[in-house]
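Engineer: Start counting at 1 in the sequence shown, then tack on 36, and there's your number in the numbering used here.
Heads up, a few of these hints could be off.
Dumping the calculated SDA-like pairs for lysine to any residue here, alpha-carbon to alpha-carbon at most 25 Å [what the hints assert, rightly or not]:
1) Lys214 with Glu596
2) Lys73 with Lys279
3) Lys221 with Asp588
4) Lys275 with Lys251
5) Lys275 with Lys451
6) Lys186 with Glu170
7) Lys279 with Lys156
8) Lys449 with Cys383
9) Lys487 with Lys451
10) Lys560 with His294
11) Lys461 with Ala375
12) Lys451 with Gln526
13) Lys213 with Ser307
14) Lys696 with Glu609
15) Lys251 with Ile264
16) Lys461 with Leu525
17) Lys657 with Glu596
18) Lys640 with His180
19) Lys466 with Glu482
20) Lys301 with Thr402
21) Lys106 with Gln93
22) Lys554 with Leu324
23) Lys275 with Ala413
24) Lys340 with Phe396
25) Lys130 with His180
26) Lys100 with Ala58
27) Lys282 with His303
28) Lys68 with Lys279
29) Lys393 with Thr369
30) Lys640 with Lys301
31) Lys466 with Gln526
32) Lys68 with Ala58
33) Lys301 with Met411
34) Lys414 with His397
35) Lys279 with Ala390
36) Lys451 with Gln484
37) Lys156 with Gly172
With beta-carbon atoms standing in for the labels, derived distance ranges [claimed, not checked]:
38) Pro289 with Glu658: 54 to 62 Å
39) Ile276 with Val218: 55 to 63 Å
40) Arg116 with Pro531: 24 to 32 Å
Derived from the structure by calculation, the hints contain no laboratory data. A virtual CB, placed ideally from N, CA and C, is assigned to each residue, including glycine.
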Amino acid sequence: MTFLKLNVYCIAFLIYSSLSVAAVHVGDQICKTCHLKEHEQWQGSHHDLAMQEANVQTVLGNFKQAKFSKHGVTSTFFMRNGRFMVNTDGPDNKLHDYEVSYTFGVYPLQQYMVKFPQGKIQVLGIAWDSRSKEQGGQRWFSLHPAETIKADDVLHWTGPNLNWNYMCADCHSTNLKKNYDVATKSYNTQWDAINVSCEACHGPASEHLAWSKSKDKQKSTQDKGFPIHLSNTTINQWKINAKTRKPELLNNPEAGKHKVELCAKCHSRRSQLDDNFVPGDNFRNHYLPSLLTEPLYYPDGKIKDEVYVYGSFMQSRMYQAGVTCTDCHNPHTLERKAAGDQVCQQCHLAEDYASNKHHFHNNESTGTSCIACHMPAKTYMGVDERNDHSFRIPRPDLAEKLATPDACTLCHKDKSSPWAADAIKQWYGKTPSGYQQFGSALHALEQQQEKALSLAYGVLVADAPDIAKASVMGYLGEYRSRQTLMTSLQMLNSPEADIRRQALLALQSFPMQHTVAKIFPLLKDPVKIVRLEAARILAAVPRGSLAKEQTDLMNNVTEEYRQTLLFNADRPEAQVSLAELYSQQGQMAKAETAFKQALVLQPKYVPAYVNYTNFLQQQGKEQAAFELLQQGLNEVDDAALYHSLGLWYIRSKEKEKAWKL
Numbered sequence: 037m038t039f040l041k042l043n044v045y046c047i048a049f050l051i052y053s054s055l056s057v058a059a060v061h062v063g064d065q066i067c068k069t070c071h072l073k074e075h076e077q078w079q080g081s082h083h084d085l086a087m088q089e090a091n092v093q094t095v096l097g098n099f100k101q102a103k104f105s106k107h108g109v110t111s112t113f114f115m116r117n118g119r120f121m122v123n124t125d126g127p128d129n130k131l132h133d134y135e136v137s138y139t140f141g142v143y144p145l146q147q148y149m150v151k152f153p154q155g156k157i158q159v160l161g162i163a164w165d166s167r168s169k170e171q172g173g174q175r176w177f178s179l180h181p182a183e184t185i186k187a188d189d190v191l192h193w194t195g196p197n198l199n200w201n202y203m204c205a206d207c208h209s210t211n212l213k214k215n216y217d218v219a220t221k222s223y224n225t226q227w228d229a230i231n232v233s234c235e236a237c238h239g240p241a242s243e244h245l246a247w248s249k250s251k252d253k254q255k256s257t258q259d260k261g262f263p264i265h266l267s268n269t270t271i272n273q274w275k276i277n278a279k280t281r282k283p284e285l286l287n288n289p290e291a292g293k294h295k296v297e298l299c300a301k302c303h304s305r306r307s308q309l310d311d312n313f314v315p316g317d318n319f320r321n322h323y324l325p326s327l328l329t330e331p332l333y334y335p336d337g338k339i340k341d342e343v344y345v346y347g348s349f350m351q352s353r354m355y356q357a358g359v360t361c362t363d364c365h366n367p368h369t370l371e372r373k374a375a376g377d378q379v380c381q382q383c384h385l386a387e388d389y390a391s392n393k394h395h396f397h398n399n400e401s402t403g404t405s406c407i408a409c410h411m412p413a414k415t416y417m418g419v420d421e422r423n424d425h426s427f428r429i430p431r432p433d434l435a436e437k438l439a440t441p442d443a444c445t446l447c448h449k450d451k452s453s454p455w456a457a458d459a460i461k462q463w464y465g466k467t468p469s470g471y472q473q474f475g476s477a478l479h480a481l482e483q484q485q486e487k488a489l490s491l492a493y494g495v496l497v498a499d500a501p502d503i504a505k506a507s508v509m510g511y512l513g514e515y516r517s518r519q520t521l522m523t524s525l526q527m528l529n530s531p532e533a534d535i536r537r538q539a540l541l542a543l544q545s546f547p548m549q550h551t552v553a554k555i556f557p558l559l560k561d562p563v564k565i566v567r568l569e570a571a572r573i574l575a576a577v578p579r580g581s582l583a584k585e586q587t588d589l590m591n592n593v594t595e596e597y598r599q600t601l602l603f604n605a606d607r608p609e610a611q612v613s614l615a616e617l618y619s620q621q622g623q624m625a626k627a628e629t630a631f632k633q634a635l636v637l638q639p640k641y642v643p644a645y646v647n648y649t650n651f652l653q654q655q656g657k658e659q660a661a662f663e664l665l666q667q668g669l670n671e672v673d674d675a676a677l678y679h680s681l682g683l684w685y686i687r688s689k690e691k692e693k694a695w696k697l
């Protein structure tokens, strides 16, 4: 059998090396033939075990008639004819037997997935704690222990927020294609590798195989047939400056940022625009990253919800200087390159930083740890402790003002933030500042404080992280003034795509006659997230007012926007956006169909009711709008629906009914 496999790989090798076609995936077993060391390092890693078929080797949980009870539902995990089964509540709130087809992850928890009709795969809301018993593990537990989740809740394991095809699949398998069919409301999701394999990061390897057979490799591409060059020896080379005793990058820091974007594909909180990403592509041509807004982040940028590292790292001085993920992590094992603080001491000399003069803690204290102070952890999914990658200087002096956690009182639980701030001031003779000076501005903007605008402008002109500037820009549209208009127009020329896009969002609050001429050129922006936002804002511009070249451009980018929405047509958010687009184009039947699709996908989705109601009212269908609002209130008790109903009563001259709501 081994001999047969080897011959198959050799045949594949020759085929790939002889054909001049677009690069394709070849599989980790072919990579292994030349890169055995790297393959062995990768085996057993979180990438390798990201997703597996359920069998006795891969399943960690107890399926020996184990029972787990929560909020009146008792689930039983058992075996049937060698298959892993669970008896639990289904989409009708009744108990059913389900077969576990796949495992998800390995440590500190493992999740399990069940196949449903129409190609859907759902992730159970009960997971296995794979930590040791001594750590509190080796048990079943609920991912939502404080909530009673019924089948009509989006968080129910059979609901949209635990749908693998949309929510999880893109990051746990290689070259995944979702393949959602709108007409049949079904998935034909496929992958080239079930896990995160070699080509997930290096890209399709067929051209690399051709390069490896080339007679003159020196004349071949520097990337050796891959779409991206990942070697640290040419991207990131550091030295310690003898005078400053600080690290200096010998290469262009921008090269490292492209490498970080490769990791960001999965290690970020983002929305997916398509499934055409190839390593080396501009991340923002395929994904829209989330910014520093509630409830994802605290106002000062600390992690709050699950945000998966990239948004935090973008805030750091390290990111700005050109540090990449692989400066600290082995890209194949994913482990840190050195234990504990030693990974930091690659660049930050121990004599200077592993010193009482720096940390002012006893050597036996956890307060000496770089990670404890500069990367405080937060626990997600019940047992998964994750470190904040913004590498910030502790600012307990701001914690109380901004209502954010601080690293000091995470350890000194019996003390207060002012106590910690006083201690730091005594140690250093001053209150530290640091690179991340945007928390006060974001807090003021969120709270709509009087000083918000002046603080916001301060961030925009400061030496501040671009993600912070982009986050600030998103609020400017709420402050309509000549200054905010001019600032937003100016920021359309920013070299950063996130800032340009946020400037567009701010400009949509102003009359179109003041902005359309400035927005139109961004339909040609090289970055997709900017083009799409420009197309969305300009969709209502009458084509008759445009020259033919402008009309063609507008139509092309609007179609690109529509295709992006269709890619996510399995979500109600995308269907509502489609409805709005069709409405602006005068395609009322298509708009109404999209609104209805949104409510089929998620009957409790409030924005669909509100926007659909407005759509009906604009067409004079007041009775239909009233009935729709009643339908919505039967599904979900929500203030936005009562507000819309109140407005309906006022338009109908029934003010007394409006006041009673």
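Engineer: All the hints need checking, so say for each whether the structure fits it.
Structural biologist: Hints, one by one, checked against the model:
no., hint, result
1, Lys214 with Glu596, "holds, 18 Å"
2, Lys73 with Lys279, "violated, 39 Å"
3, Lys221 with Asp588, "violated, 32 Å"
4, Lys275 with Lys251, "violated, 36 Å"
5, Lys275 with Lys451, "violated, 40 Å"
6, Lys186 with Glu170, "violated, 33 Å"
7, Lys279 with Lys156, "violated, 60 Å"
8, Lys449 with Cys383, "violated, 31 Å"
9, Lys487 with Lys451, "violated, 30 Å"
10, Lys560 with His294, "holds, 22 Å"
11, Lys461 with Ala375, "violated, 31 Å"
12, Lys451 with Gln526, "violated, 46 Å"
13, Lys213 with Ser307, "holds, 15 Å"
14, Lys696 with Glu609, "violated, 31 Å"
15, Lys251 with Ile264, "holds, 22 Å"
16, Lys461 with Leu525, "violated, 41 Å"
17, Lys657 with Glu596, "violated, 31 Å"
18, Lys640 with His180, "holds, 20 Å"
19, Lys466 with Glu482, "violated, 29 Å"
20, Lys301 with Thr402, "violated, 33 Å"
21, Lys106 with Gln93, "violated, 28 Å"
22, Lys554 with Leu324, "holds, 22 Å"
23, Lys275 with Ala413, "violated, 29 Å"
24, Lys340 with Phe396, "violated, 28 Å"
25, Lys130 with His180, "holds, 19 Å"
26, Lys100 with Ala58, "violated, 49 Å"
27, Lys282 with His303, "violated, 28 Å"
28, Lys68 with Lys279, "violated, 45 Å"
29, Lys393 with Thr369, "violated, 35 Å"
30, Lys640 with Lys301, "violated, 30 Å"
31, Lys466 with Gln526, "violated, 36 Å"
32, Lys68 with Ala58, "holds, 22 Å"
33, Lys301 with Met411, "holds, 22 Å"
34, Lys414 with His397, "holds, 22 Å"
35, Lys279 with Ala390, "holds, 19 Å"
36, Lys451 with Gln484, "violated, 30 Å"
37, Lys156 with Gly172, "violated, 33 Å"
38, Pro289 with Glu658: 54 to 62 Å, "holds, 59 Å"
39, Ile276 with Val218: 55 to 63 Å, "holds, 57 Å"
40, Arg116 with Pro531: 24 to 32 Å, "violated, 59 Å"
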